[in-house]
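Asks: As a plain string of letters, each chain reads:
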Amino acid sequence: MNFKDNKAIYLQIADRIGDQILSGTLTPEGKVPSVRELAAEIEVNANTVARTYDHLQQNGVIYTKRGLGYFVSPDAEEKIVATRRDQLMQGEMDYFLGQLKAVGITPAELQGLYSDYLNK
Amino acid sequence: MFTINKLSFGYNKRHGNLFNDFSLELNAGNVYGLLGKNGAGKSTLIYLMTGLLTPQAGEVLFDGENVRKRLPKTMNDIFLVPEEFELPNLTLKKYVDINAPFYPRFSMEDMQRNLDIFEMGDDLNVKLNSLSMGQKKKVFMAFAFATNTRALIMDEPTNGLDIPSKSQFRKLVTTGMTDDKMMLISTHQVRDISDILDHVTIIDQSKVLLNTSFADVTSRLAFRPMREGDQPIFVQQSAMGSLVAVPVRDGEETKVDLEMLFNATLQNPEAINQLFTTQK
Numbered sequence: 001m002n003f004k005d006n007k008a009i010y011l012q013i014a015d016r017i018g019d020q021i022l023s024g025t026l027t028p029e030g031k032v033p034s035v036r037e038l039a040a041e042i043e044v045n046a047n048t049v050a051r052t053y054d055h056l057q058q059n060g061v062i063y064t065k066r067g068l069g070y071f072v073s074p075d076a077e078e079k080i081v082a083t084r085r086d087q088l089m090q091g092e093m094d095y096f097l098g099q100l101k102a103v104g105i106t107p108a109e110l111q112g113l114y115s116d117y118l119n120k
Numbered sequence: 121m122f123t124i125n126k127l128s129f130g131y132n133k134r135h136g137n138l139f140n141d142f143s144l145e146l147n148a149g150n151v152y153g154l155l156g157k158n159g160a161g162k163s164t165l166i167y168l169m170t171g172l173l174t175p176q177a178g179e180v181l182f183d184g185e186n187v188r189k190r191l192p193k194t195m196n197d198i199f200l201v202p203e204e205f206e207l208p209n210l211t212l213k214k215y216v217d218i219n220a221p222f223y224p225r226f227s228m229e230d231m232q233r234n235l236d237i238f239e240m241g242d243d244l245n246v247k248l249n250s251l252s253m254g255q256k257k258k259v260f261m262a263f264a265f266a267t268n269t270r271a272l273i274m275d276e277p278t279n280g281l282d283i284p285s286k287s288q289f290r291k292l293v294t295t296g297m298t299d300d301k302m303m304l305i306s307t308h309q310v311r312d313i314s315d316i317l318d319h320v321t322i323i324d325q326s327k328v329l330l331n332t333s334f335a336d337v338t339s340r341l342a343f344r345p346m347r348e349g350d351q352p353i354f355v356q357q358s359a360m361g362s363l364v365a366v367p368v369r370d371g372e373e374t375k376v377d378l379e380m381l382f383n384a385t386l387q388n389p390e391a392i393n394q395l396f397t398t399q400k
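Line by line, the protein sequences give chains A and B. When the letters of the first sequence are read in order and numbered with our numbering, they come out as residues 1 to 120. When the letters of the second sequence are read in order and numbered with our numbering, they come out as residues 121 to 400.
Next comes chain B alone, as it looks inside the complex (with noise of 0.2 Å):
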């Protein structure tokens, strides 16, 4: 679905290139966690994948094309959902109005169930300004799910959430995804989505360090306490003792542990990049 061939961005000369050569590939179907340090670069990545920064050199195709041509065909199949963003002072109804019809695949049906979801009521006349950060960026989300682009792309979505509405997005991510759609996430509250990706996407110093699925990780590392003999590729001290990310043996199959790995994968990137890319 999007293909990001040999891209090169920075923003100005004097701090130099973030990202250089970079090329990453993402298919519908999937559910990415973008993952990477502060000013690694994710927001930066989503914008120019989005059409939103010109890269210069290189090129971000949606579906074979190139997406700083802005064509309707490419902008009304990709949403993005900003960390930060201002609503227009309208109701909820005018909103939907003036901006659903930019969206081909928005379904009215769709967006009463996500409010039913975030537990936000069915009052459309509610005033937009009048809402909290938190409950904008509910009814944004709810709008972001139904208007069915087949790419999604969300920054920090769980960011400014509450405690019960995060397992309610969990449940808009988990309940509008279907086999022709992508979404993409980059958070680092990684203990909020873990259990909704299916892909793992670590980026750092414009390299993708980590490109992978769920299943794959499971295959290849463990994630349990330290045993006698072992050889982790990472290590981190907990109240319960030592916890490792060590290759699997006999076939013991763990739960991800979505930290633990990006941890691993930033202190000891040349062994995961060796454990993944061996045949098996």
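So that you can see chain A by itself, here it is in the shape it has in the complex (with noise of 0.2 Å):
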């Protein structure tokens, strides 16, 4: 796995995750893997995936069943959305938007790109 330098690796591995629920990959209720077998697989420390499992467990993305391993929440699609929601308009967006003024886009501009962008 390459990771980005800017962020810190469980969080990235959380990301990871969040984008395979997102996708399908992961199905609501279905067995997420151990956090041996996913260390192994992407070549990662097993505290640092164990990290990432507390992450997502605190998140209500993932649940544990005891003595069967992880598994994802039936709502974990929702609480990734939301949570990604969260992170771009504290984070991203205040960047975007500072951008789109200084090279002088107004929100007119921006609707018509947004819109057409939606349309594609």
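Incorrect hints may have been included.
[Stated by the list, open to error] Over the 10 Å line for every Cβ pair with chain B, so calculated as not near, a few chain A residues: (1) THR48; (2) TYR95; (3) ILE105; (4) TYR117.
[As the list claims (entries may be wrong)] Straight line, CA to CA, 27 Å or less: simulated BS3-like cross-link-like pairs of lysine-lysine: (5) A:LYS7 with B:LYS286; (6) B:LYS301 with A:LYS65; (7) B:LYS301 with B:LYS256; (8) A:LYS7 with B:LYS291; (9) B:LYS291 with A:LYS31; (10) B:LYS286 with B:LYS247; (11) B:LYS126 with B:LYS327; (12) A:LYS31 with A:LYS79; (13) B:LYS213 with B:LYS193; (14) B:LYS213 with B:LYS247; (15) A:LYS79 with A:LYS101; (16) B:LYS193 with B:LYS214.
For the record, the hints were derived by calculation from the structure and aren't laboratory data. Glycine is no exception: its CB is placed at the ideal position from the N, C-alpha and C atoms.
From the two separate chains plus the hints, produce the assembled complex.
Replies: See the structure below:
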């Protein structure tokens, strides 16, 4: 697995699992690989992966069944979308809007661009 | 698992001691990266930990036993992969037959899996002295991991490995690691192994400058491009502008840049020590 430089690895692994849930590779109530399986697959320390799973569990994306391992929560998809929306609004959106302002794109232009994008 | 207690050691009087009153604790369940400049004493520390050198003062305990006693119960639970080694003129099968009985938890199944990870095939009749240096290293590491000793200590394990083998080595570590084991990897090739570590131990001039978990580093130090108002502990120039190691504010969590952490620790040990010893 190739990691970006700017985000803690355990969070990047959480994003990857989030992507797999949104794309349907992992399904609600489906089993998530064990910590050791995923650690070996992506060549990352198992304690780092364990941290990812703690994080996902706290966010309600996965849950444990005693003795059986981790499973995708029934409402994982909504949880992930909500978290990503928060992240976007807090971080990248601000940067993006700053860039728009810097090059002088008006609200009307932006609205047109976004409408066109949605209709593509 | 390992308790290093007020260790003093030097090779001769003229050059003085490499270690003075050196103490360090290493626990099961962790993969440690041992970092230090050339001559900082990484290899010497490894030989002291494995009972190959005798300290002038202090001791190294493994599960409470002094490693210098070289008790069978200690020796059959520690495996050392030195940076350079010779293999005898034998077939791999003969080598395994002779050496595996010293390690009660040796697994032939694991040996075959490890050879498979390194894409070394399953020909146990291969002559060890017909192998290239890199192949010897892979065969020896396949054996080392198959002994399933609780302590596995490796000195520059990725030196001499080609590009695909470095990823295979990471696979070997992440596949072979369990909660009851401890691995220690001494290296300068931090980019090869950063992701498979959970602890970093930086030594210099007989001092432990930093010994902590990656989770702890992430929570205290951020690695990223410089921003206005930053008071960085360390600055590094790059093509993208200035990169900094800066104390974490407002909970940002960045990827640990081991190279920058190492340089920051050597350049500014007081600031690092202060940052990592404050209670959170």
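Asks: Now tell me if each hint is right for this structure.
Replies: Going through the hints against the structure:
1. A cut-off of 10 Å between C-beta atoms contradicts the statement that THR48 (chain A) is not in contact with chain B; the least separation is 6 Å.
2. Separation of TYR95 (chain A) from chain B is adequate, the least Cβ-Cβ distance of about 12 Å exceeding the 10 Å criterion.
3. Its beta-carbon lying about 25 Å from the closest one in chain B, ILE105 (chain A) satisfies the requirement of being farther than 10 Å from that chain.
4. The beta carbon of TYR117 (chain A) sits about 29 Å from the closest Cβ of chain B, which is more than 10 Å, so the claim that it is off the interface holds.
5. As the CA atoms of LYS7 (chain A) and LYS286 (chain B) are separated by approximately 23 Å, the hinted pair is consistent with the 27 Å bound.
6. At roughly 26 Å between alpha-carbon atoms, LYS301 (chain B) and LYS65 (chain A) fall within 27 Å of each other, so this suggested pair holds.
7. The hinted pair formed by LYS301 (chain B) and LYS256 (chain B) meets the criterion: a straight-line CA distance of about 24 Å does not exceed 27 Å.
8. Restraint check: the Cα-Cα separation between LYS7 (chain A) and LYS291 (chain B) comes to about 22 Å, which is no more than 27 Å; the hinted pair holds.
9. Only pairs whose Cα atoms come within 27 Å are accepted, and LYS291 (chain B) paired with LYS31 (chain A) is accepted, the gap being roughly 22 Å.
10. For the proposed pair LYS286 (chain B) and LYS247 (chain B), the alpha carbon gap of about 23 Å is at most 27 Å, so the pair holds.
11. For a cut-off of 27 Å, the pair hint linking LYS126 (chain B) to LYS327 (chain B) stands: about 11 Å separates their Cα positions.
12. Distance check on the hinted pair: LYS31 (chain A) and LYS79 (chain A) sit about 17 Å apart at the alpha-carbon level, within 27 Å; holds.
13. With a C-alpha separation of about 25 Å, the suggested pairing of LYS213 (chain B) with LYS193 (chain B) holds against the 27 Å cut-off.
14. With a C-alpha separation of about 9 Å, the suggested pairing of LYS213 (chain B) with LYS247 (chain B) holds against the 27 Å cut-off.
15. Distance hint between LYS79 (chain A) and LYS101 (chain A) is unfulfilled; the C-alpha atoms sit about 32 Å from each other, more than 27 Å.
16. With a C-alpha separation of about 24 Å, the suggested pairing of LYS193 (chain B) with LYS214 (chain B) holds against the 27 Å cut-off.
Against the hints set out earlier in the document, violations occur for numbers 1, 15.
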